[in-house]
Amino acid sequence: MDRPINDTNNNNSRQALEFTGSGTEYFGIWIVNLALTIVTLGIFSAWAKVRRLRYFYGHTRLDGHGFEYLGDPKRILIGRLIAVSLLAIYSAVTRYLPAYAFPLVCVLAVLIPFILVSSIAFTLRNTAYRHIRFRFRTSYAAAYKVVWLPILLSLLLAGFVYSALPQQLASNQGAMVDKANLLPQILLLCFIPMIPWLDYLRARFVIDHSQYGSLRCNFTAGAGSFYGLYGLMLVITLGAMLLLLMILGVIFSAIFVGKPPTNPAALGKMVLVIVIPVYLVMFLLSGWFTSRRNTLLRNSAMFGKQALSGDFKGGAMAWILFTNLLGMVFTLGLFYPWAAVRQARYNAVHTWIPTEELASVTAEHDVDRSAVGEEIGDFFDIDIGL
Amino acid sequence: MSFALAGRYFDGLTAQAIDATLNVDAEGGVTLEPPLRPSSLQFSLLSADSRIAGLPATLRFPDGAVFETPDHDTLAICLHHFGRRYGHLHRLEKKIINAIVASVLVLGFAGVSYFWGIGLVARAVAPLVPTEVEQQLGSSVLDQLDKLVLEPTQLSSERQQQITRLFAADTAHYHGSYQLRLAFRHGHYLAANAFALPGGTIVLTDELAMLADNDAQLSGVLLHELGHLEHRHLMRNIISQSAVGVVTLLILGDAGTVSNLVLALPNILLQTAFSREAEREADDYAVAQMRQLGIATSEFGNILARLESYYHACRSKTASENGPQQDEAIKRCVAAKQANPTSGQDDNTGGWTDYLSTHPATRERIDRLSK
Chain A
0 MDRPINDTNN NNSRQALEFT GSGTEYFGIW IVNLALTIVT LGIFSAWAKV RRLRYFYGHT
60 RLDGHGFEYL GDPKRILIGR LIAVSLLAIY SAVTRYLPAY AFPLVCVLAV LIPFILVSSI
120 AFTLRNTAYR HIRFRFRTSY AAAYKVVWLP ILLSLLLAGF VYSALPQQLA SNQGAMVDKA
180 NLLPQILLLC FIPMIPWLDY LRARFVIDHS QYGSLRCNFT AGAGSFYGLY GLMLVITLGA
240 MLLLLMILGV IFSAIFVGKP PTNPAALGKM VLVIVIPVYL VMFLLSGWFT SRRNTLLRNS
300 AMFGKQALSG DFKGGAMAWI LFTNLLGMVF TLGLFYPWAA VRQARYNAVH TWIPTEELAS
360 VTAEHDVDRS AVGEEIGDFF DIDIGL
Chain B
0 MSFALAGRYF DGLTAQAIDA TLNVDAEGGV TLEPPLRPSS LQFSLLSADS RIAGLPATLR
60 FPDGAVFETP DHDTLAICLH HFGRRYGHLH RLEKKIINAI VASVLVLGFA GVSYFWGIGL
120 VARAVAPLVP TEVEQQLGSS VLDQLDKLVL EPTQLSSERQ QQITRLFAAD TAHYHGSYQL
180 RLAFRHGHYL AANAFALPGG TIVLTDELAM LADNDAQLSG VLLHELGHLE HRHLMRNIIS
240 QSAVGVVTLL ILGDAGTVSN LVLALPNILL QTAFSREAER EADDYAVAQM RQLGIATSEF
300 GNILARLESY YHACRSKTAS ENGPQQDEAI KRCVAAKQAN PTSGQDDNTG GWTDYLSTHP
360 ATRERIDRLS K
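Just so you know, the sequences run in chain order A and B. Each residue of the first sequence is one higher than the last, beginning at 0 in numbering that gives the first Met the number 0. Each residue of the second sequence is one higher than the last, beginning at 0 in numbering that gives the first Met the number 0.
With the Cβ distance kept under 8 Å, some of the chain A side facing chain B (calculated, not the full set):
{"#": "1", "residue": "19"}
{"#": "2", "residue": "26"}
{"#": "3", "residue": "33"}
{"#": "4", "residue": "90"}
{"#": "5", "residue": "180"}
{"#": "6", "residue": "212"}
{"#": "7", "residue": "333"}
{"#": "8", "residue": "361"}
If you are wondering where the hints come from, they were derived from the structure by calculation, not from laboratory data. The beta-carbon is built from N, C-alpha and C at its ideal position, and this holds for glycine as well.
Bound-form chain A, shown alone (with noise of 0.2 Å):
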């Protein structure tokens, strides 16, 4: 299913990025920024974020050159003022006057578009390579198309689904109940859909409106590529789990049989035997499904003319994630720079850069832009991770 490296007659002029970090190295730098950052009451954490990025840019490498860093953390530390601000409001009003709940999340909604812009732009007119910066082409009516389009056209399968829907309802209990109920059900039914879309409607928007420089990129796949991935994520977890529960099924069955567990602990034992199985399975899904994307991401992304490609694979990545999973669980935490070294390691030296026009490339300025929108983005959960 991998696309080959060699299917352009230029194979030459694509190469691998390098990660050229170290997880010890990396150790005292985060500890002791870490560190730092509760001394100062949070205050350094913003100087920890950049010398973070700046750690891990500068050490991938293309061509001989590192990725740079150049964002300032005065600026990070006032978007995070006002993100930690937005933080509490919008805790203390869904938690203590759940009636101004729906408005704030309206604001939200209209706010979050332009969050999702700033932060693309901060973060990319940051990132600079051979001493050139990338650049994003703002456009606010597309951001407001990607998150508002699919959200309204799920509302508007949800009417269709209500209005369709007999008033009264049979439950699995057996009573009736008015369908009026269930409409938070339906509202996320008819969302589940518009996932895919959104996704590929987030990434077009993204790589459409990047450039190095005076070099574009654009985004050549279709909203049908991400639908099959997910509906392939789907029925393969589906069918997983079909699997583990026939397995589990039988192996209870010859335990159990004629005598139902009834002690406490055994009943625990039980659990364990049911949710380990069932975690490995989750780390080996979400393994390839990341990987599939992040290939398929990557083999859509045209820089210039030539397409990056990628060539990660499903069982790496679940080992890494699992691997990296156990080290932090076991060292309290402690091992989170040789996790985040190891998942750059891969990510790098799986995705291949078309280099041919990088030497031509020339600077375009851009006016520079704030960092809140990246800060609020990251405290609210907005991932715009390519």
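Position chain B against the provided structure of chain A, taking the given hints into account.
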């Protein structure tokens, strides 16, 4: 004194890297070899990025041009010569002893916050939440529970009045900030249960009312819930959760992409520890109040034992019954279970299931009460 740095020059306009040497003379005049810039400029106009392990040093010209050199040592001497600092943060980061000190500090901070600091903050902040806000929260929680799991009570109105009178008598000396209210519901999925909602409402399920042998047992349960209210456990729990979220984000917000599982772990652990502590506090409150009211505290232990028997052997067996039949079924089943403890199901053996449960094991609670 003059300095020579070998490296690469970028004009900031094109992607070309040109090998060059940057010379700084005794007066601080900067020139490049080969001469890539039309005129010389003062060294003080160049800014140096702070040093990061394993990366070349970067000197930035005012016009956006950049000079990169791997020669940190010469650059440091040069900067120092002109009265500027270089690489202090890097020196801090590369020493093993600093990493050890920082690890101890970070782990210590995390431990103290999770096991002590956050609980303390929540205890201090919870009483500051206005009662109206709590009442609003409590009534919206009850609305949700009514919609999702609870059903209207099946207790006779005489029984309801009798329990309400009992509750009024038990709380006659209550001088807290809440307007206390007792609500009856059929538990169904929640089975025999009682819980305190923020704002002063205590919900008692029919099943628990049926399970009680006498008024003293009901008083014990209701006073235990009053203990939760008086200690503001729900508000403290909500505040702790927010605080854990904020602290985790502050510490690991810089961790980039960490598995959500790792982020959720502190909260789960705290949750477990918190609810066990909360149950103990509420038990202590109930016992103290019962002593004051002259109610036999042993009855509180008895209702706990009855609850345990009920959950081990009778919950599902009696769930399908209704009204007085259910009352009878619960009492009969619990009596049978208590007469013959090994019947049906095993005793709670504790072990690791105990640590992961939100309530302390019943035996442990009863033992504490008899002290």
